[in-house]
Amino acid sequence: QQQVKQSPQSLIVQKGGISIINCAYENTAFDYFPWYQQFPGKGPALLIAIRPDVSEKKEGRFTISFNKSAKQFSLHIMDSQPGDSATYFCAANQAGTALIFGKGTTLSVSS
Amino acid sequence: GAGVSQSPSNKVTEKGKDVELRCDPISGHTALYWYRQRLGQGLEFLIYFQGNSAPDKSGLPSDRFSAERTGESVSTLTIQRTQQEDSAVYLCASSDRVNYGYTFGSGTRLTVV
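Heads up: the sequence lines are chains A and B, in that order.
Going by the working numbering, the letters in the first sequence line up with residues 1 to 111, in that order.
Going by the working numbering, the letters in the second sequence line up with residues 1001 to 1113, in that order.
Keep in mind the hints are simulated off the structure, nothing from the lab.
Think of the CB as a built atom: it goes at the ideal place given N, C-alpha and C, for glycine as much as any other residue.
Treat the hints with caution; some may be incorrect.
Stated by the list, open to error - Quick list of simulated restraints, FRET-style, between CB atoms:
| no. | chain 1 | residue 1 | chain 2 | residue 2 | range |
| --- | --- | --- | --- | --- | --- |
| 1 | A | Q14 | B | D1063 | 47 to 55 Å |
| 2 | A | Q81 | B | E1014 | 39 to 47 Å |
| 3 | B | D1018 | A | S69 | 43 to 51 Å |
| 4 | B | T1078 | A | A95 | 25 to 33 Å |
| 5 | B | D1063 | A | Q81 | 41 to 49 Å |
| 6 | B | T1111 | A | Q81 | 31 to 39 Å |
| 7 | A | V54 | B | D1018 | 41 to 49 Å |
Build out the structure end to end from the sequences listed, making use of the hints.
If you want it as structure tokens, here you go:
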């Protein structure tokens, strides 16, 4: 009930391509869905977040798509660059509780 | 300060010893979180402090783990009688109640030998 399942575990994309990472959740009380980016030796940093009242949110090259009925959300990185190579985590929670994180996706963008 | 500060950045300890990890959150952030990240794994929730409310300790893996927070400032995570499986990066994050976005520190890498 409390898990957030993330896939794929790793992803290799050509420079300029689209990176897509997917997450699924079970708890329908979740109302906040962020994505975090982590570089080696650093803590995760908030990338973009969405709430269930909208189906899509875009910030620059990063887009979250949200499907409330399927209980799924995904991160799309357009025009992927080598500097995007990092580990990405999806997460979810409801107000007053700590975020639950997926297991992460290691993205490598080849030049 | 400008960000979340954690100390030490690295800690090597012998099995059976106690360790204390420190977190200085962003000033004004009422919520503080501790997570554990094992090598190549996701973030495992440990404990959550929100203002003066009782902390959510539901993620602590055993009674060897405890944490305290002084008001809305510094927090310490204590691991007693460390075991090799405690080796991990321990991450602290803080947030203000309204924003929900977490700001993480760079973590403490704990190695138990």
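Take the C-beta atom of B:D1063 and the C-beta atom of A:Q81, compute their distance, and say whether it sits inside 41 to 49 Å.
holds, 46 Å
Is 43 to 51 Å right for how far apart the beta carbons of B:D1018 and A:S69 are?
holds, 49 Å
Does the hinted range 47 to 55 Å hold for A:Q14 and B:D1063 at CB?
Holds, at about 50 Å.
Can you let me know if the beta-carbon spacing of B:T1111 and A:Q81 is within 31 to 39 Å?
holds, 34 Å
Could one say that the CB atoms of A:V54 and B:D1018 fall in the range 41 to 49 Å?
holds, 47 Å
So the hint says 39 to 47 Å: do the beta-carbon atoms of A:Q81 and B:E1014 match that?
holds, 44 Å
Range first: 25 to 33 Å. Now tell me if the beta carbons of B:T1078 and A:A95 are that far apart.
holds, 29 Å
Checked against the numbered hints above, the structure breaks none of them.
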